[in-house]
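Please model the complete structure; the sequences and the hints are all you need to start from.
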Amino acid sequence: MAVNRRQFLTGGLAVAAAGMGLAACGKGSSGGGGASGSANLQFAWWGNPVRNKNTTDAIAAYTKAHPNVKISPQPGEFSTYWDKLATQTAGNKAPDVIQMDMAYIAEYGKRGALLDLAKHGADTSKFVQGSVDSGKIDGKLVGINAGINTPTILANPKIFEQAKVEMPDDKTWTWDSLRELGAELTAKAGSGIVGMGVFFGDAMLSAFLRQHGKELFTANGVGFEAADVVPWFDMVLGYQNAKAIPSAAALTEEAGKSVDQTMLAVGKAAMQMQWSNQVEALTKAAGTEIQVLRYPSMTGNATDRKAWYKASMLWSASSRTKYPDQAVALINWWVNSSECANINLAERGVPANTDILAEISPKLSPTQKAMATFIADIKPELAPTPVAPPPGGGKLNDTLTRYQTDVLNGRAKSADAAAKFVDEVKSNLKS
Amino acid sequence: MSVISELSHIHVEHPQSDEDRRAQRKAAGRDNKAGYLFLLPWLVGLFVITIGPLLASLYLSFTDYSLIEAPQWIGVHNYTRMLGDERLHQALKVTFIYVFVSVPLQLALALAIAVLLNQGMRGLSFYRSVFYLPSMLGASVAIAVLWRQMFGTDGLINQVLRLFGVDAHTGWISDPRYALSTLILLHIWQFGSPMVIFLAGLRQIPAMYYEAAAVDGAPRWRRFTKITLPLLSPIIFFNLVLQIIGAFQSFTQAFIVSNGTGAPSDSTLFYTLYLYQRGFGQFEMGYAAAMAWLLVVIIAAFTAINFYASKYWVFYDD
Amino acid sequence: MTDLTARTELEPPPGVATRDTTTVGPRDAGRFRGSSVVKHLLLIAGALTMIYPLVWLLVSSFRPTDVIFRTPGLWLNDIYVKNYTEGWNALANPFGHYLVNSALVVIGAIAGNLLSCSLAAYAFARLKFRLRTLWFSIMLLSIMLPFHVVVVPQYILFNKLGWVDTFIPLILPKFLATDAFFVFLMVQFIRGIPRELDEAARIDGCNHWQIFSRMMIPLMIPALATTAIFTFIWTWSDFFTPLIYLTSPESYTVPVALRSFLDATSGSNWGAMFAMSVVSLIPIFLAFLFGQRFLVRGIATTGGK
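Chains as they are written, first to last, in my numbering: chain L, 15 to 445; chain Y, 1427 to 1744; chain P, 72 to 376.
To be clear, the hints were calculated from the coordinates, so they are not data collected in a lab. Source: prediction; values computed, not measured. Heads up, some of the hints might be wrong.
To be verified - If you want the footprint, here are the derived chain Y segments under chain L, 3+ residues with CB under 8 Å:
{"#": "1", "segment": "1650-1663"}
{"#": "2", "segment": "1677-1688"}
Stated by the list, open to error - For lysine-lysine, the following DSS-like pairs were computed, each having C-alpha atoms within a straight-line distance of at most 30 Å:
{"#": "3", "chain 1": "P", "residue 1": "K231", "chain 2": "L", "residue 2": "K84"}
{"#": "4", "chain 1": "L", "residue 1": "K434", "chain 2": "Y", "residue 2": "K1459"}
{"#": "5", "chain 1": "P", "residue 1": "K199", "chain 2": "L", "residue 2": "K336"}
{"#": "6", "chain 1": "P", "residue 1": "K199", "chain 2": "Y", "residue 2": "K1459"}
{"#": "7", "chain 1": "P", "residue 1": "K231", "chain 2": "L", "residue 2": "K282"}
{"#": "8", "chain 1": "L", "residue 1": "K271", "chain 2": "Y", "residue 2": "K1519"}
{"#": "9", "chain 1": "L", "residue 1": "K298", "chain 2": "P", "residue 2": "K153"}
{"#": "10", "chain 1": "L", "residue 1": "K271", "chain 2": "L", "residue 2": "K298"}
{"#": "11", "chain 1": "Y", "residue 1": "K1652", "chain 2": "P", "residue 2": "K110"}
Virtual Cβ for every residue (Gly too), placed ideally from N, Cα, C.
Following this line, the structure appears as structure tokens:
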């Protein structure tokens, strides 16, 4: 029996050990922290080809200047970024530096997943008034404004030309006249081009609700009722009936595409709702100068638009990072240094740091200059900034898209869809 | 013997007398040490990887657990929430349709082809390989990617249809009416695995039964229903049970084809996909655990129904 | 009870003539020929339809993306190799890196299954110990347990141990015989090996370990081969487990890398996507080609009466 056991154990253990040796290979060895400044930072962002290149270049510049910091890039796509981040955070392997969005900052911030940046030397002293608070959750600065943007409609003037339709006056158009314009473009532009690509999302819903005196979210939770959304679903259906927007199936296929693959980018749509900073990527993809337009109002008067400035994205750090000081140092450099600003320019939005903005303004491409001017111009049209969605609110756009698809496919009536939509948004917040 | 008949016959060996019982127990303990030593890895796995997590998951289903913060006891709240959760009902509906449409169709096709192949064909092994290959590749991400392209608006399927003059411009996977059907089709495409099992079973049916029936002048169809089906019924049963259990757990294809969303309109929101969304996407591990237990109950219920119904149609010839 | 299936070859039991699938009786000759042509046609049509998507995938991987969306046919005019070079280098690491990751996981899984399942199978099939029936029933039941009910706590367990983002959660369970299906497969197999051999070895003075390692294992090679090949195919294609455990891109296995490729190009570079899909399927295809014998025998053995 003794022989049996010994042979058994050694034989079994040998194979097991070999297997476990293989098992321990998972990642390249991560550098140890400890020594002053040396670090291995996992850096995650979502982007498009233009942003990916800028970011990679900026990373290279930083590591050149700080040779004891290694940065591992994790580029991604917006639609799948959040699932991945959630999984990583749950597994205690969140990236050290995280590109964050207003939709999720409360979710992560309130759960203690984000580092208090102010405690580690974050520098927002030169930031323009009002652009710092959006990154504060429960009094802690968990995100630093990476750029300012605003919701816009981007338009391709070449397609307007092709259709022999005049560019609209974006200061006076309404939701209805936009629909007419979209329908006209679809009819006249030919070769399968539609007037408006993806347009109906949470940003436009927010604008619509604000113009009716409501909000998406308030400090107390959901800021609207089913009755407020019924006209929205009716409007979506109206746009489709007028053929101003593509079919439900085409819209479904658009979801999840990166910016440079969308209809506007590939010349299949004349207009599309985007954030102002995305105009650069779209101009590159479409091969022609894309114009920035205001979204419509109910009254035909742009000052009634209730527009707002948004932190296009924010820089956060994981609360479990092994290198808090180095992570914050990187973020500081990103938003405050001329070097980084000169590489990224305004692709992530207009820099919040006023000195930096002044410095790069002359260097902006015509497209970005127009965007920066636009942002300054719409000051009179602003209304109070919307509140950050509470935890569970980040899914609102996905939920909205689902109900819109149902309505567009004729599987639900506006009234039903509106009621169910509000119920679901509310129940998502409870968790 | 298959897993199923094993389970059905487990309790056959009861000793009769006291003496027999004592002898049995002595014999049963003969290799205790060696037995448990050999069994050790499996036992460790059973408790650490299976039973422990099973019990932990039961506990977690009564908590609100985001993984980043500690679990908070909320009693049956997760379960009551499931009652009102419309997306959960949709996920159940989608999964039920998937399971109860694709499994019978797949098995019927597998049986039909197996019967066809069993009737003295040349090139049997060629056909068997060709039909079996898809089920080997089918579970992979690569095939799901292919399927996604094939059933897109300008994918292979529509291109072929256009060749035949059909004006095919539907995006099958972006239309809530058809998206699930593409996944059902993918499952049926993988009929090769049950087919091989049926083939093996068919080969074991003694030829003398068929010869006797032929002598009696029984037509082909009768031979099938009166000889083939009954004798094959344990294997059909085995396949049915395992395929149903497997189909309830499908994940990869739905995930890849819908990009993780269950789109369009949640028409491809498989139960496991919704579980993944809730647990790993929305920090609701407690809810995901409750959903998982509901799945266990559902699968156990259907398996039990299967076993119970098997009394009426499965024929063991011993 | 007839022990029809616990055999290494699918031979008929003595005294019973099974269906001879190669000869045809004289009375059926005429009828057969006509209907057999029809049958062959149906089967060939069916086989072609089944295989077409796979062949089209292979051929399309050599076409540029826009051509893929225009060409349902199989004729290849020019071979466009750029899909392969682009796809290979599209992610942060060359695709070969992910192939290696998958290979490591698969090798670990195969080693684990072969070792732990054979040990457990020997115990169940040959050893008499208390509660054997109970454990055996539990093992059979565990084959039917849905994975998702244990995935959350397993994840938490591995999380607390700090093993997320390593291969350990993918390999360790295999060393603990969690793939009960293979235990069952091997038990069936061992039952077909005559006990006289065991007894002969016992008379020679061998203890259980020696019987197991020196006699049983060599005799079990077909079952071991079947296990290895099935483990290879299932582990190579496994998506869910790596999806939740492997969070940093450099640890990705092939399925997760493919999916992240799909994300990164968001459906624009189908040519490269197809190319890498083909690359990821080749190992399975090879395993299928060389291991078909064992696969067919293996599942037939467990599925039989």
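Please verify whether K231(P) and K282(L) have alpha carbons no more than 30 Å apart. Outside the cut-off at roughly 50 Å; violated.
At least three residues with a C-beta closer than 8 Å to a C-beta of chain L: is that true for the segment 1650-1663 of chain Y? violated (count 0)
Per the coverage rule (Cβ-Cβ under 8 Å, at least three residues), is the segment 1677-1688 of chain Y covered by chain L? holds (count 3)
Is the Cα-Cα distance between K199(P) and K336(L) 30 Å or less? Given pair K199(P), K336(L) is violated - Cα atoms ~53 Å apart, limit 30 Å.
Distance restraint between K298(L) and K153(P), which requires alpha-carbon spacing of 30 Å or less: Measuring from Cα to Cα gives roughly 23 Å; hence the hint holds.
Hint check: K1652(Y) vs K110(P), CA-CA at most 30 Å. Holds or violated? The hint holds at about 23 Å.
K231(P) and K84(L) were given as a pair; does the straight-line alpha-carbon distance stay at or below 30 Å? It holds: about 27 Å lies between the C-alpha atoms, which stays within 30 Å.
Next pair to validate is K271(L) with K1519(Y); report whether the Cα-Cα distance is within 30 Å. holds, 28 Å
Is the straight-line distance between the alpha-carbon of K199(P) and that of K1459(Y) 30 Å or less? holds, 10 Å
Quickly compare the C-alpha distance for K434(L) and K1459(Y) to 30 Å and report which way the hint goes. violated, 62 Å
Verify the proposed pairing of K271(L) with K298(L), using a straight-line Cα cut of 30 Å. holds, 16 Å
Hint compliance for this structure: hints 1, 4, 5, 7 are broken, all remaining hints hold.
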